[in-house]
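Colleague: Full structure from sequences and hints, please.
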Amino acid sequence: DGGITQSPKYLFRKEGQNVTLSCEQNLNHDAMYWYRQDPGQGLRLIYYSQIVNDFQKGDIAEGYSVSREKKESFPLTVTSAQKNPTAFYLCASSIMGLGNTEAFFGQGTRLTVV
Amino acid sequence: QKEVEQDPGPLSVPEGAIVSLNCTYSNSAFQYFMWYRQYSRKGPELLMYTYSSGNKEDGRFTAQVDKSSKYISLFIRDSQPSDSATYLCAMTLPMDSSYKLIFGSGTRLLVRP
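In the order they appear, the protein sequences are chains A and B. By the working numbering, the letter at position 48 of the first sequence is numbered 50, and the numbering carries on one by one without gaps. By the working numbering, the letter at position 19 of the second sequence is numbered 275, and the numbering carries on one by one without gaps.
Hints may contain errors.
[Said to hold, decoys possible] Below, computed lysine-lysine pairings styled on DSS-like, alpha-carbon distance capped at 25 Å:
{"hint": "1", "chain 1": "A", "residue 1": "Lys11", "chain 2": "A", "residue 2": "Lys72"}
{"hint": "2", "chain 1": "A", "residue 1": "Lys59", "chain 2": "B", "residue 2": "Lys258"}
{"hint": "3", "chain 1": "B", "residue 1": "Lys298", "chain 2": "A", "residue 2": "Lys73"}
{"hint": "4", "chain 1": "B", "residue 1": "Lys323", "chain 2": "B", "residue 2": "Lys312"}
{"hint": "5", "chain 1": "A", "residue 1": "Lys59", "chain 2": "A", "residue 2": "Lys72"}
{"hint": "6", "chain 1": "B", "residue 1": "Lys258", "chain 2": "B", "residue 2": "Lys323"}
{"hint": "7", "chain 1": "A", "residue 1": "Lys85", "chain 2": "A", "residue 2": "Lys11"}
{"hint": "8", "chain 1": "B", "residue 1": "Lys258", "chain 2": "A", "residue 2": "Lys85"}
{"hint": "9", "chain 1": "A", "residue 1": "Lys11", "chain 2": "A", "residue 2": "Lys73"}
{"hint": "10", "chain 1": "A", "residue 1": "Lys16", "chain 2": "A", "residue 2": "Lys85"}
{"hint": "11", "chain 1": "B", "residue 1": "Lys312", "chain 2": "A", "residue 2": "Lys11"}
{"hint": "12", "chain 1": "A", "residue 1": "Lys59", "chain 2": "A", "residue 2": "Lys85"}
Hints listed in this document are in silico derivations from the structure and should not be mistaken for laboratory results.
Modeller: Below, the structure is given as structure tokens:
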């Protein structure tokens with residue numbers, strides 16, 4: 003089946019560690035996105051990529067890094083510089099941009115700092 | 257002030273009720289308007305998508321856009337317990353050569369049997 007796969011579903015991180023969240027899509031979409039969701043704050047854009055080997059910062063990029071070496075993959079690294087990383091992370095993709103096309107979401111990764 | 261404002265709820269209604277969910281926005285440059293449904297611990301899924309002012313109907317769901325008032329609504333008729341979820345409004349903002357998708361904070365809806 004076509005779709006977006008995020009892994010792992012649950013992730014625990016110790017203070018000072020970097021962790022990487024995986025996002026893979028087989029929809030042949032050009033654009034991919036990472037959002038963070040906190041209670042009562044909706045979805046906030048971390049990074050987005052319109053094409054392979056290119057990506058842009060969203061509204062809350064500090065403490066995060068991404069890469070886009072393949073069209074299908076857009077991993078997100080949560081670095082130790084991110085002071086409050088506990089949240090629900092959502093990856094999305096769309097055909098090209100988000101103007102008039104549907105964004106498909108993965109099932110999310112819940113990250114907890116222990 | 258947030259670019260998109262949405263009442264967080266929770267909104268609790270009996271089965272069969274008509275539900276009205278609303279969002280207001282401040283930037284007149286927003287072009288496309290969407291409603292997503294998100295079940296607990298799942299990713300959002302697109303419900304409705306509109307561009308122009310007016311109403312768009314799909315089964316029990318009606319999306320309404322009023323660009324002059326910067327106000328969008330989602331109506332759910334004959335609500336069912338399976339409609340219990342968080343509903344997120346979203347809007348696209350043109351940026352250089354792409355678009356930015358901005359979400360409201362979401363409204364939790366509970367439909368009681």
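Colleague: Now tell me if each hint is right for this structure.
Modeller: Hint check results:
Using a Cα cut-off of 25 Å, the hinted pair A/Lys11 and A/Lys72 holds, with the two alpha carbons roughly 22 Å apart. Between A/Lys59 and B/Lys258 the CA atoms are separated by roughly 19 Å; this keeps the pair inside 25 Å, and the hint holds. Distance check on the hinted pair: B/Lys298 and A/Lys73 sit about 24 Å apart at the alpha-carbon level, within 25 Å; holds. Between the alpha carbons of B/Lys323 and B/Lys312 the distance comes to roughly 14 Å, so the proposed pair stays at or under 25 Å and holds.
Proximity of A/Lys59 to A/Lys72 is assessed by CA-CA distance (about 18 Å); at most 25 Å being required, the pair is judged to hold. With a CA separation close to 17 Å, the supplied pair B/Lys258 and B/Lys323 stays within the 25 Å bound. For the given pair, A/Lys85 sits about 21 Å from A/Lys11 by alpha-carbon distance, which is consistent with the 25 Å threshold. For the suggested pair B/Lys258 and A/Lys85, the alpha carbons sit about 23 Å apart, so the restraint of at most 25 Å is met.
Between A/Lys11 and A/Lys73, the direct Cα distance comes to roughly 22 Å. Compliance with the 25 Å bound is thereby established for this hinted pair. The suggested pairing of A/Lys16 with A/Lys85 holds, with an alpha-carbon distance near 12 Å, which does not exceed 25 Å. The straight-line distance between the Cα atoms of B/Lys312 and A/Lys11 is roughly 35 Å, outside the 25 Å bound, and the hint therefore fails. A distance of roughly 18 Å separates the Cα atoms of A/Lys59 and A/Lys85; the hinted pair therefore holds under the 25 Å criterion.
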